[in-house]
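Asks: Whenever a hint applies, use it, and build me the whole structure from the sequences.
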Amino acid sequence: MAKRIDATDVTAYYGGFKAIENINLTVEPKTVTALIGPSGCGKSTFLRSINRMHEVLPGARVEGSLTIDGQDVYDRDVDVTAVRRMIGMVFQRPNPFPTMSIFENVVAGLRLNGVRKKSILDEAAEKALRAANLWDEVKDRLGKPGAGLSGGQQQRLCIARTIAVEPQVVLMDEPCSALDPISTLAIEDLMFQLKDKFTIIIVTHNMQQAARVSDRTAFFSIEKTGDPGRLIEYDNTQKIFSNPSQKKTEDYITGRFG
Amino acid sequence: MGETPHRSAHAGTGGHAVTQGHERSAGASARVAEAPVSTRTPHDDDHGLGGGGGLPRARAFGAERAFRGVTLAAGVTVLVVIAAIAVFLVAKAVPALRANSANFWTFEGWFPNDDPPTFGIGALAFGTLLTALLALLVAVPVALGIALYLSHYAPRRLGTALGFVIDLLAAVPSVVFGLWGRDYLVGPVADLSAWLNQYFGWIPIFGDGPYGNSILLGSLVLAIMVLPIITSLSREVFLQTPTANEEAAIALGATRWEMLRTAVLPYGRPGIIAAVMLGLGRALGETIALALTLGSTYAISFNILANGGNSIAANIANRFAEANETGRGALIASGLVLFAITLVVNITARAIIYRRREFTESAA
Amino acid sequence: MTTTLTPRRSRPPAQPDSLRAKRLPGYAAPALAVLALLVSAGLVYGVDLGGPVLVVVLGALLYLAGLFAAANAVEGRRSARNRFWSALIHSALVLAVLPLASVVWTLFSKGTARLDGDFFGSSMNNIGARDANGGAYHAIVGTLEQVGIATAITVPLGVLCAIYIVEYGRGRFAFTIRFFVDVMTGIPSIVTGLFVLAFWVLIVSPWFNDGQPGFSGFAAALALSVLMLPTVVRSTEEMLRLVPAPLREGAYALGVPKWKTILRVVLPTALPGIVTGIMLSIARAAGETAPVLLVAGGGAAINFNPFENNQSSLALFVYQQAGEASKYSPARAWTAALTLVVLVLVLTVAAKLLARRNRLGR
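Chains as they are written, first to last, in full-length UniProt numbering: chain A, 1 to 258; chain B, 1 to 364; chain C, 1 to 362.
Incorrect hints may appear among the rest.
[To be verified] Result set (SDA-like, lysine to any residue): computed pairs, CA atoms no more than 20 Å apart in a straight line:
| no. | chain 1 | residue 1 | chain 2 | residue 2 |
| --- | --- | --- | --- | --- |
| 1 | A | Lys118 | C | Gln15 |
| 2 | C | Lys352 | B | Phe164 |
| 3 | A | Lys248 | A | Ala211 |
| 4 | A | Lys195 | C | Gln15 |
FYI, nobody ran anything at the bench for these hints, they're computed from the structure.
Small disclaimer: the values here were computed from a predicted structure and weren't measured.
Replies: Following this line, the structure appears as C-alpha cells:
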C-alpha cells in the first residue's frame, strides 16, 4: 500500500519567482513526516509539488525529480490524474463539495473512477468514514449536506474522501489550522491510525503537533523575503526537537526566529 | 401612487435632515469620530434639565422616524406601481375583450378595428413561446460552453478580455440585433431553410417555403441576442466557484471535465437556472428584434421555415400605429397575457432556485 | 455502465496500476481534423449534399466523433470524455463568435456611412423619401431628455427602497417588497409601455390636454423608470449588504443614530457600486425601443419640451428608419444604431471601470 518518496533537486517556480530550490529528501513508507518552518519558506509549495497540484496554478512549474517507488511523477508519459489518485491530499480549510451529501462526498473519488455499483460504494463509504473516525457521528444522516457538519467533522469528512480511493500517500497541508483544539486532537489521533496503511506527509505551523505526530521532521527556511525556500535539516523528529545539528533549526524551534 | 401625497410631510422633514447631515460632514475630516458630538448635543439639550439619573428617552418624532418613513414610502411605491400595472392594464383591456365577438383564446386573427371587432391571442402566444424556446435551445448550450471556456479553459488574460467583450455585447440594444437580422441574416437563413427542407422535409417543422422572415430567423436573432446575456451571467457564476472545491476535485485525480462536473457545475446550478430564466424572460418580452424579423401572420403553424410567425410583443409594435380605441384595448389585453406568462416563468425560476438553496447556502 | 471498462481488481478500485499512461501523440488531433474535413468534403460533394458550410459543419461533427473514438481506444474512457467536452466547448466559442463578429462588423462598416455633421445637426423634419440628408438630432435630444428624467425619478426612489429593504425592513412586509421587485425585474419592456399608455397617456394626460391623449417624452421617461427601478433597487441592495457590519456597529457604538449612520457611513462606502448599478440601468434604458414607440409617439421634428407633444429617441429612430421605404433610410438607421451603441457602451465601460475600483468588490 504505502510507498516511498524520493525528491532530488526539486525546484519550484511561480512564474518568475523561485519558491523552493534544490530540495532533496526521502520519505519512508508508513511513516509520518512533518514539514515545518516559517511562513513563506515553501513547505506547502513542496507538498503541492509531490502530487503535482503546484502546476494547477497559472504559471507555476517544477524542476528536478520526484519519484514514488522509483517512478518519476514528472515523467513525460505520466498521467497526472493517476498521480493524484495515488497521492491523496487534505487541504488547510475543510472543503467538502457544497452541493453533495456526506455520502456523495466520501464516494466522489470512486464515482469519478467509474465505480457505480451501490453495494461497493456503500461499503467503501462506511470503511472510509470508520477509518476517519466519523462513522458513528454521521451514520444516521449520510444524505444530509456535507457542509452542515462542524469544522472538525468536515475536515475528517475530507480525510475520509481522500482515503476512500485508497491512495498510497496522503499529503496534509496544515489540516488543523482552521480547527479548535478538540477537533485537532481527533485528527492527530487519526494520523496515528492511518500511519499503519499510508505514508503521510504533513505541513504544520504548530511545532508541538509536529513533535507529537511525526516520525521524521524536515525544517525549511528562507534567508530573506524573495529568496527561495531551502531544506535546512531533515532528521528523526526526536533529534530535531532535542538536539538539532543546525543553528538555524535550533533558533526556530526554541522560538528565537520565525 | 395614491400613497405619495400622503407621505409628503414626512418626506419634507427627511429631506431637511439629510441636507443638515451633509453640511456637518463636509466640514469634518473623520466622519465617524466627529459624529457623536453632533448627535449627543440635542439629547443633552432635551434631557439635561431632567436632572441626571435616567437615560434619555426616544423621541416620538425626529429625523430617525422621518427617514424611516421616507424609505418605507419608497418601498411601498414599488407595490403601488405593480398593483397599478395590473389595475390599469385590466381596466383598459376589459372593454375591448367585451367588444370582441370572436374567442379571445382560440381565434386566429387580429381585426380589432373592424365592426364587430375580432381578435385572438392563441397564435400570438404560441409564436411567443415557440420563438423563445427555440432561441434558448440554440443559445443555452453555446452560452454555457463559452462561459466555461472563459472561466476555466482560456488563459486568464484572454478570459478576462473576452469576458469584458461579452459583457459589452450583452448591453447592445435589441433593435441593433433586429436590424442586423433583417438585413443580413435573412439570406443565409433562407439558404439554410431550403437545404433543411430538401433533406429533412419529412420532419413537419421543416416545411415548404417561401423562406425569409420565418420563425427560424426570429429565433436565431433572439438566440444571438440572449447569448451574451446568458454567457455573461453564467461566467460570473462559474468564476465564483470556491478554488478549494476545484482543488479538492483535482486532488482526487479528476480530469478537467470531471472537475467541472463535480465542483463547478453543481455549485453554479442555481446561478445557471437564474441566467437561463433571465434569458427566457428577455426572449419572451423581446419586441423590436422580432417585429423586424417575423412575418406577422396569425396562424398556428409548426413550420418554422416558411415566412410567417408572430409574437405578442412584436404584434403590439406592428399594430399599435393603426389601432383605434378597441384596437389599443386589444393590444393591452395581449400585453396582459404576456405579463402573465413572464410572471409564471419568473415565479417558477425563483421556486427552483429556492429549492436548491439548502445545499448551496450552507456552503458559504 | 463504465464498470465493464475498468476491470475491477480485488480491492482499491480507484487505484491505477501504473502512473504511466498511453497518450495520443501531439499530431493526432490536427491530423484527425484534416482527415475529418477531407471525408466530409468527399461525402458532401460526392453525393452533392450542399456547399462549403456543410463541409465545415459535418467535418466538425466527424472530428468530434473521431477524437472521442481515438482517445477512447488509446487513453481510455475518462480521458476521451475530457477531450470530447473540451473540443465541444471550444467549438461553442467559434460558433458564437461568427454571428457576433458579423453584427459588430456590420454595425461599424454600415454605421460610418452617414457619420457626418448633418446627421448630428439636423432632424427628419421635411425630409422626403428622395432626400439623402436628414439626421437624428431630434432623436438624440429625445433620448437624453427621456433617460435623464427617468434617472431623476428612479435613482432616489430606488436607493431609498433598497435602504428600506436592507436596513429597516423586517419580516413579511420587506419580503413582499423584495419579491415584487424581483417580479418587476421580469416585466417585459413592452408591458411597461402599455402600462404608461393606459395610465398616463390615455387616462391622466387628457385632463390637461383638452381631452386628447398626450404622447410625450415624459411618458416615455415614466415607462423607462419602471424598467430601471428594479435594477437600481437590486444592485443598491446588493451593495448595501456588502458593507461590512463592523463599520455600522462602529458608528452605532459611538452613539450615531441609525439614519445618520446609513447616510454618512453606509451609503458613501457602497457608493461606487451603487453608481455602477445605476449606470448599467441607464445604459439598458437608453437602448429600449418598445416603450418609447408606444407612449412618446415618435416624430420627425425637434422638440425640446418633454412634457408636450411627440418626441423620438435614438432607438425608435433606428426602428422607424428601418421601416421606411426610402433607399437612404438604411444608412440613417445604421448610423443611428452605431451612435446608440457607442452611447450605451461608453456608459457600460465607465460603469465597469468604476466597479473595478470599488473597494467592496465581490
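Asks: Hints first: check each against the structure and report whether it holds.
Replies: Hint check:
| no. | hint | verdict |
| --- | --- | --- |
| 1 | Lys118(A) / Gln15(C) | holds, 19 Å |
| 2 | Lys352(C) / Phe164(B) | holds, 9 Å |
| 3 | Lys248(A) / Ala211(A) | holds, 17 Å |
| 4 | Lys195(A) / Gln15(C) | holds, 19 Å |
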